[in-house]
Amino acid sequence: MASLLRSLIVLLIVQSFLVAIAFGSNEVEEFSEALLLKPLPDRKVLAHFHFENRAPPSNSHGRHHHLFPKAISQLVQKFRVKEMELSFTQGRWNHEHWGGFDPLSSMNAKPVGVELWAVFDVPQSQVDTSWKNLTHALSGLFCASINFLESSTSYAAPTWGFGPNSDKLRYGSLPREAVCTENLTPWLKLLPCRDKDGISALMNRPSVYRGFYHSQRLHLSTVESGQEGLGSGIVLEQTLTVVLQPETTSVESNMHPSWSLSSLFGRKVVGRCVLAKSSNVYLQLEGLLGHELKNVDKEIEAHELWKNAEFELSLKPERVLRESSSFLFIFDIDKSSDSEPFDLGLTWKLPSKWSCQQAPLHASRFLMGSGNERGAIAILLKATESQEKLSGRDLTNGHCTIKANIFQIFPWYIKVYYHSLQIFVDQQQTTDSEVLKKINVSPSTDKVSSGMMEMMLELPCEVKSVAISIEYDKGFLHIDEYPPDANQGFDIPSALISFPNHHASLDFQEELSKSPLLSSFKEKSLVRSYTEVLLVPLTTPDFSMPYNVITITCTIFALYFGSLLNVLRRRIGEEERFLKSQGKKTGGLKQLLSRITAKIRGRPIEEQSSSESPAAQSSVLSSKLIFKIILVAGAAAAWQYFSTDK
Amino acid sequence: MAEDQKKKLCRFWIWALSSVAFRLILISFPGNLNLSSRPEVSTPLTSIRRLAEGYWLKQASMSPYAGSMYHGSPLLLSILGPLTVQRIKGQPSHLLCSLVFVIADILSAMLLRGIGQKLQMAYGLNARLLGFLKSSRDKVILPCGDIAALVYLWNPFTIVSCVGLSTSPIENLAVILALCGAVTRRVPLAAFGLVIATHLSLYPATLTIPIIFLLGYGLDAPPIKLFLQTRSVEKEETSTSTVSKQAKLKQTTHLPFLWKTVAHFLFWVLLWSLYVLVLSALSLNKHGGLEEMFKRTYGFILSIEDLSPNIGVFWYFFAEVFDFFRNFFLIVFHVNILFMLLPLAIRLKHRPCFLAFIYLAISSILKSYPSVGDSALYLSLWALFVNELIDMKFSFFLFCGYLGISLLSPVMHNLWIWRGTGNANFYFGNAIGYACFQIVFVVESVSAMLNHDRALKRSNSNHREVKS
Chain A
1 MASLLRSLIV LLIVQSFLVA IAFGSNEVEE FSEALLLKPL PDRKVLAHFH
51 FENRAPPSNS HGRHHHLFPK AISQLVQKFR VKEMELSFTQ GRWNHEHWGG
101 FDPLSSMNAK PVGVELWAVF DVPQSQVDTS WKNLTHALSG LFCASINFLE
151 SSTSYAAPTW GFGPNSDKLR YGSLPREAVC TENLTPWLKL LPCRDKDGIS
201 ALMNRPSVYR GFYHSQRLHL STVESGQEGL GSGIVLEQTL TVVLQPETTS
251 VESNMHPSWS LSSLFGRKVV GRCVLAKSSN VYLQLEGLLG HELKNVDKEI
301 EAHELWKNAE FELSLKPERV LRESSSFLFI FDIDKSSDSE PFDLGLTWKL
351 PSKWSCQQAP LHASRFLMGS GNERGAIAIL LKATESQEKL SGRDLTNGHC
401 TIKANIFQIF PWYIKVYYHS LQIFVDQQQT TDSEVLKKIN VSPSTDKVSS
451 GMMEMMLELP CEVKSVAISI EYDKGFLHID EYPPDANQGF DIPSALISFP
501 NHHASLDFQE ELSKSPLLSS FKEKSLVRSY TEVLLVPLTT PDFSMPYNVI
551 TITCTIFALY FGSLLNVLRR RIGEEERFLK SQGKKTGGLK QLLSRITAKI
601 RGRPIEEQSS SESPAAQSSV LSSKLIFKII LVAGAAAAWQ YFSTDK
Chain B
1 MAEDQKKKLC RFWIWALSSV AFRLILISFP GNLNLSSRPE VSTPLTSIRR
51 LAEGYWLKQA SMSPYAGSMY HGSPLLLSIL GPLTVQRIKG QPSHLLCSLV
101 FVIADILSAM LLRGIGQKLQ MAYGLNARLL GFLKSSRDKV ILPCGDIAAL
151 VYLWNPFTIV SCVGLSTSPI ENLAVILALC GAVTRRVPLA AFGLVIATHL
201 SLYPATLTIP IIFLLGYGLD APPIKLFLQT RSVEKEETST STVSKQAKLK
251 QTTHLPFLWK TVAHFLFWVL LWSLYVLVLS ALSLNKHGGL EEMFKRTYGF
301 ILSIEDLSPN IGVFWYFFAE VFDFFRNFFL IVFHVNILFM LLPLAIRLKH
351 RPCFLAFIYL AISSILKSYP SVGDSALYLS LWALFVNELI DMKFSFFLFC
401 GYLGISLLSP VMHNLWIWRG TGNANFYFGN AIGYACFQIV FVVESVSAML
451 NHDRALKRSN SNHREVKS
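Note that the protein sequences, when read in sequence, are chains A and B.
My numbering numbers the first residue of the first sequence as 1 and each following residue consecutively.
My numbering numbers the first residue of the second sequence as 1 and each following residue consecutively.
Simulated from the structure, these hints should not be mistaken for laboratory data.
Keep in mind it's a predicted model, so treat the numbers as computed, not measured.
Any given hint might turn out to be false.
[Stated by the list, open to error] In silico DSS-like links for lysine-lysine, alpha-carbon gap of 25 Å or less:
| hint | chain 1 | residue 1 | chain 2 | residue 2 |
| --- | --- | --- | --- | --- |
| 1 | B | Lys393 | B | Lys457 |
| 2 | A | Lys447 | B | Lys295 |
| 3 | B | Lys393 | B | Lys349 |
| 4 | A | Lys382 | A | Lys403 |
| 5 | A | Lys437 | A | Lys464 |
| 6 | B | Lys457 | B | Lys349 |
| 7 | A | Lys580 | B | Lys457 |
| 8 | A | Lys438 | B | Lys286 |
| 9 | A | Lys70 | A | Lys82 |
This is chain A alone, in the form it adopts within the complex (with noise of 0.2 Å):
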């Protein structure tokens, strides 16, 4: 047992000196694992993978890594990658239950299907084409068509709509992205124990995918070390949030259902990723002791909070924090293993109600108008209960305001008229300048680029609805440009409400740097929420008729042609003369060629009368007809000649 421990403090040594000599520093990767657990006031359990993965400053030679995935370093280096954001997302964030004011959900509520950012560090002519290079690595890397968003037509730039600052973000999301299991699996090979151990190992394909909601996210940024020689560190933040539906199995209907990982997830942890640092599960509790438990000691609470009147937990947390609001207990994961598995479980034992923190505005998104010509898009900013609660005011010139910024994407299809732009404050219309404090559209060009439209609302606080309208156009399409299931529709992407004066934060007051999860709540994040995507039906042209069309229509332009020249060619009463004089002296034959010579003149000859022969004439004519029609062969002969030539 002694030689055993020995040798591997021996085993250890010489793996961080390996490790220290790779990096030429003394910072190490580091990975580290967290999951949070939440239930959720309408019954529902919220679960929040979170995975770190950390890759020191390192000099541009040693591009070996220890933990951190080489794809990710490599798609970094290539394309010089300053800040990226990439989603998936199935189904939407409910804001008023799941909660909106929170880092949770200000940082895990995505739009449904793909959305990607990237902020680049490349010179501003190159950042369209990085952006390309870039969507089609991911495309392969992740297995989703995100190389859809190389199209000029699918991505924007925005300026200050958006949250990061900067000319050289491209801004892109896929609303019909269909996300399942073939996302999932590449986006765990970025992990060190990938799904096999670990928290990782929860995941259990189809109770993920059996959930309300699932956003799988993957967030990278760069460091800069600041140090000459040495490259950028990158962090890669990757997360999965996923909404489960606990099965029920207590009579009252106003219990909240007892859940445990193994009810679930169906599997239980059997131990911690051994590569990562640290490994946790935290379990957050909201608001609803906060009454009860207010007089209770802080030491009391963290013995005796886990079995109480209202719920026990199934195991003793380590540590219980406590913000304003809500518990958090903490769990560690080390003690676990194959004989002793992890498995927490809450039970309920009286019915309980809380409600979640919301964003100042609930905003919804619709479309008004019927038929297929045109229509208009409204964006539906509502006033929520926790408004009067939020600090985050801004104060100005005695009057107290909340800011809203809106960014919105068009596909080019939808012709905006920003012109037509309405903003009704509490259902009264508004003139511009009131509350629309700035604004910048880039409109969309037809079939090259996307429009965009960034606004900045400054509402007064006691506002209860604010309602944006704007007319469109649908657009018509070429045959080619419709997808296969053209009848289905096609969609706009989510727009982004997000609040900057608003930020959501959770501090729970210790340790400051242990643990990732917790250090990334309490960075302070802009609340923000993405509305519903819309369904947009555009009138489909008759998919079998191209044959038709084409006929039908240089018919038309045929008759316009002949008709036209036959009216202007005719020369009635010579044309008989002339038929009349040629019919009494000529044979059948000789009579039908001077017709023809007499149609491809254009023009008959008027005076038949003395001078010349018929015959004569018509001899004259026919060399002349010869002559042209070997000048025609001769062009053809030529044409032919040098066309096959090259």
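Dock chain B against the given chain A, drawing on the hints supplied.
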């Protein structure tokens, strides 16, 4: 006689004023009519909504052509743009624009009347010169100017495009201004009208040929041969020497072509187009300049980028045609307009006004984005030739056709776009029908005019025979 004339004049003014009143009534409640979004009325080039969008973009210090919305002239934007945002309280939003269009319509009608009076005088003069239609038949000459003006004012197409806030009344005014200038031999005016009309919608560029003929040869007249024949008959009566007659003939087989006037005209065209280009460049100098303007206006017209339905046939054709052949068909269709210019010019060079009418009709059939406003223009020009085209065939059939199409078109559009019970073929079928009727109309008009000349010739030769 004079009293009768006065009565007629009085009746004309009553009708004209009542049409203006009718328009004013209609524009006072345009919200309910919703004509401005009809595809028959407003095309991507003439829609006032797009113009308002262009103006908004310009006010927001962007190029008015950003965003594939506005494709019209920058000058029109400067004139009409401010009117789209100005609102009078309690009045419909685009009242000021509508008033501008009503004024444009009235001006067009008055100019048409002026053209018509000139043509009528010329018709009478020629008839007298040729020696028939002596005093007894003088009354038969209809006051074609009044008729054309009333046809223009009361044509439902004109009313709809005026009330429906499309800019085609202004385009029509420019075209009529050019013709009027040429008919009254005011060379700078003709050049101005032509340049503005071309600047606004490109297709009136074809009118250069008729206007040059008008300035070079004079007004519409029967073929020159007839005059020669009558003259020779008269000569024969006096002198029997064949030599002198042939000499005379050789001298006058060609009408004198006034090169000087035409050169003057071309000079003015150059001057005005420079002027227009400089103005456009000034108004666009921050947003891409003239190159951008040509790309977004003429380029948009020629490359048929917008595939939204209209009463032409191109939108569906280019929505369906294979991309590989797109350029080929674009060339073929545009060249079709140019192909017929020369044959028509050769055959109808003695009737330049009629030639102008035919050119306008053809371009309104083969336009990339036609609207009923274009039809309104050529239909009223057609009314200038009521005297000559009195024997036109199929006129009742054509009238019924136009009526049927204009009734069916909204129905088909509704079925397809709004109800979703029909498909694109319904509306396209309608467009095909409309194109066919217009083609028959043009062909029959040309044929009737040529027949009229033939009839003149025949009657002239009969006249001669009677005389000799």
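Checked hints:
1. Among the hinted pairs, B:Lys393 with B:Lys457 is consistent with the structure: their alpha-carbon atoms are about 20 Å apart, no more than 25 Å.
2. Between A:Lys447 and B:Lys295, the direct Cα distance comes to roughly 15 Å. Compliance with the 25 Å bound is thereby established for this hinted pair.
3. A distance of roughly 23 Å separates the Cα atoms of B:Lys393 and B:Lys349; the hinted pair therefore holds under the 25 Å criterion.
4. Using a Cα cut-off of 25 Å, the hinted pair A:Lys382 and A:Lys403 holds, with the two alpha carbons roughly 14 Å apart.
5. A hinted pair counts as satisfied when its Cα atoms are at most 25 Å apart, and A:Lys437 with A:Lys464 qualifies at roughly 19 Å.
6. Proximity of B:Lys457 to B:Lys349 is assessed by CA-CA distance (about 17 Å); at most 25 Å being required, the pair is judged to hold.
7. Of the supplied pair hints, the one linking A:Lys580 and B:Lys457 holds, its CA atoms being roughly 21 Å apart against a limit of 25 Å.
8. A C-alpha spacing of about 22 Å is found between A:Lys438 and B:Lys286, which places the hinted pair at or below 25 Å, so the restraint holds.
9. At roughly 17 Å between alpha-carbon atoms, A:Lys70 and A:Lys82 fall within 25 Å of each other, so this suggested pair holds.
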